[in-house]
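Take the sequences, apply the hints, and build the full model.
Taken in sequence, the protein lines are chains L and W. Counting in the working numbering, the first sequence runs from 1 upward without gaps. Counting in the working numbering, the second sequence runs from 1001 upward without gaps.
It cannot be assumed that every hint is accurate.
[As the list claims (entries may be wrong)] In silico DSS-like pairs for lysine-lysine, Cα to Cα no more than 30 Å straight-line:
(1) W/K1148 to L/K172
(2) L/K44 to W/K1097
(3) W/K1030 to L/K98
(4) L/K131 to W/K1030
(5) L/K164 to W/K1168
(6) W/K1052 to L/K164
(7) L/K172 to W/K1076
(8) L/K32 to L/K99
(9) L/K98 to L/K144
(10) L/K164 to W/K1148
(11) L/K53 to L/K144
(12) L/K131 to L/K32
(13) L/K144 to L/K78
(14) L/K53 to L/K98
(15) L/K44 to L/K98
(16) L/K172 to L/K53
(17) W/K1076 to L/K164
(18) L/K152 to W/K1151
[Said to hold, decoys possible] Which stretches of chain L does chain W cover? Using the computed rule of at least three CB atoms under 8 Å from a CB of chain W, they are:
(19) 3-9
(20) 33-40
[To be verified] Looking from chain W toward chain L, a few residues come up when the C-beta cut is under 10 Å (computed):
(21) I1010
(22) L1039
(23) M1056
(24) I1058
(25) N1059
(26) D1089
(27) M1122
(28) G1137
(29) K1148
(30) G1175
These aren't lab readings, by the way, just hints derived from the structure by calculation. Just so we're clear, the structure is a prediction, and the values are computed from it rather than from any experiment. Idealized CB from N, CA, C, for every residue including glycine.
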Amino acid sequence: MRKQIHILSVFIICSSILIGCTSNKNDDLNYKISINESLGAILKDSSRVSPEKMADIIYNNNTQFRLIDIRNPNDYIKGHVPGAINIPGHDILNPQYKKYLNQDDVINILYCHSAMKATEAWFLLFQLGYKNNLYFHGGYHYIKENILDAYKVNSSMGYDEKEKYDYNAIMKSLGAKSSGTSSSISAPALNAPITKKKKAVQGGC
Amino acid sequence: MNKKYIFPVIILLLLGAILLLIPHKDNSQKELSAEQLLLEMNGISRFFSTEKVADMMINKDPSLLLIDVRPQEKYKEFHLPGAINIPIDSFLTETWKPYLNQIAMNNIFYSNGTSLADAAWMICRRQNFNNNYVLEGGLNAWVETVLKPEKPVTDNPSEEFNKYQQQKGASIFFGGGDAGAESNITAPVPKVQVKKKKKVQGGC
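As structure tokens, this is what we get:
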């Protein structure tokens, strides 16, 4: 009987060690949103604030929203949107900021120098399950020039994924053939190198 | 005798059952931690400038693979020479996994701007895929710096003019100064790559 108790306790210790090793210590920074859902959110594009909406929020001082400047503190001190708070982008996972970035009271709008940085920061927070965050594509300079100094909002400008040029027209103006033919040429050519290459590498070693 | 062994056996079975559950947990942990992802997000090593990529294309860098993450219709309308199309909405399908999770090539994602390609990069990094990079500025920057470079103002330093001359050369290369140029360029590139690689291995 004693032996059984001994064995049982050994078993319990072993299993608790195993479980302890596998569970992540910092549960706060685990991805709460699956990768499929995350990609879906980027594609849906519903968390991006349009320049018109941004202007509306800034002009009307809408307290439902809070602007978060994710540039570094130096840039923030030099100039920022009135009412914006500063959370440097490299520090957004710092636990001390969690109460601002994951809450139910207001809706945060992240902005940075450029579209890409704000999108990135938002995307990371979203994947971690942080709620009530949106992002703005135009950077601070866009806001300053087109919203704060004068109203010059043009919906195409604050969005970096907008095609600024007609690529085909440019190619034609440079004297290239119509791209219809060029795509038919390059597509089959590229299937080949990858598989062949991989094989070649293995063979060599 | 029998009783003596029943408990150890049960324990071993139970521990085995727990071990069975562990790989499942490990799989989810194979994802890159959020801290690490943030660290890499703030670095700039994932970015390739348009000039750099143009240079690699002209020199027929065999490790370069351009991946257009825009929708298929956009890709059919226009894409960079030699680029393949993996629309970002199909990034998680198994078909494209061998392209995105590999060690042979340097994949460079591009879209119209930077942010969509960058989101694609984050999707790949979270899954711990390596060798994926982003074309900084995307196709818009490609037009501005490679296809239609701006002539520097006359009082700029001479380096600016040298750079402009290079860009102009690249513009002729990619724009195809004469009609036949582009098709001639894109088609033979892969063949050359394959031969080159084989030679190198022979040397080893």
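For each hint, the structure was consulted:
Note on W/K1148 and L/K172: the hinted pairing holds, with a Cα-Cα distance of about 12 Å set against a maximum of 30 Å. Our distance criterion of 30 Å between C-alpha atoms is met by L/K44 and W/K1097, whose separation comes to about 22 Å. Between W/K1030 and L/K98 the CA atoms are separated by roughly 25 Å; this keeps the pair inside 30 Å, and the hint holds. With a C-alpha separation of about 25 Å, the suggested pair L/K131 and W/K1030 falls inside the 30 Å cut-off, and the hint holds.
The straight-line distance between the Cα atoms of L/K164 and W/K1168 is roughly 20 Å, inside the 30 Å bound, and the hint therefore holds. Note on W/K1052 and L/K164: the hinted pairing holds, with a Cα-Cα distance of about 21 Å set against a maximum of 30 Å. Taking the CA atoms of L/K172 and W/K1076, the gap is about 15 Å. The hint holds against a cut of 30 Å. Distance check on the hinted pair: L/K32 and L/K99 sit about 17 Å apart at the alpha-carbon level, within 30 Å; holds.
Distance check on the hinted pair: L/K98 and L/K144 sit about 28 Å apart at the alpha-carbon level, within 30 Å; holds. Note on L/K164 and W/K1148: the hinted pairing holds, with a Cα-Cα distance of about 13 Å set against a maximum of 30 Å. Distance hint between L/K53 and L/K144 is fulfilled; the C-alpha atoms sit about 15 Å from each other, no more than 30 Å. This hinted pair checks out: L/K131 and L/K32 have alpha carbons roughly 11 Å apart, not beyond 30 Å.
Distance restraint check for L/K144 and L/K78: the Cα-Cα separation of roughly 12 Å lies within the 30 Å cut-off, and the hinted pair is therefore satisfied. At most 30 Å may separate the alpha-carbon atoms for a hinted pair to count; L/K53 and L/K98 meet this at roughly 25 Å. For the hint linking L/K44 to L/K98, the alpha-carbon distance of about 25 Å falls within 30 Å, and the restraint holds. This hinted pair does not check out: L/K172 and L/K53 have alpha carbons roughly 37 Å apart, beyond 30 Å.
For the hint pairing W/K1076 with L/K164, the CA-to-CA distance comes to about 18 Å; that is within 30 Å, so the pair holds. Pair hint L/K152 plus W/K1151 holds up; C-alpha atoms about 28 Å apart against a cutoff of 30 Å. Judged by the Cβ-Cβ criterion of 8 Å, the region 3-9 of chain L is covered by chain W as claimed, because 4 of its residues qualify and three suffice. Counting residues of the region 33-40 of chain L whose CB lies closer than 8 Å to any CB of chain W gives 4, so the stated coverage by that chain holds, three being the minimum.
Annotation: interface hint on W/I1010 holds; nearest CB of chain L at approximately 8 Å, less than 10 Å. A distance limit of 10 Å between C-beta atoms decides the matter here; for W/L1039 the minimum to chain L is near 8 Å, and the interface restraint holds. Proximity of W/M1056 to chain L is violated relative to the hint, the smallest CB-CB distance being about 14 Å (cut-off 10 Å). Hint status for W/I1058 relative to chain L: violated, with the closest Cβ pair at about 16 Å, above 10 Å.
Look at W/N1059: its Cβ only gets to about 16 Å from chain L, farther than 10 Å, so that hint breaks. Nearest Cβ of chain L to the Cβ of W/D1089: about 5 Å, under the 10 Å cut. The hint holds. Annotation: W/M1122 was flagged as interfacial toward chain L, and the flag holds, the nearest CB pair being 6 Å apart, inside 10 Å. The restraint placing W/G1137 at the interface with chain L holds, with a minimum CB-CB distance near 9 Å, inside the 10 Å limit.
Look at W/K1148: its Cβ gets to within about 7 Å of chain L, closer than 10 Å, so that hint holds up. Look at W/G1175: its Cβ gets to within about 3 Å of chain L, closer than 10 Å, so that hint holds up.
Violated hints, listed in ascending order, are 16, 23, 24 and 25; each of the other numbered hints is respected by the structure.
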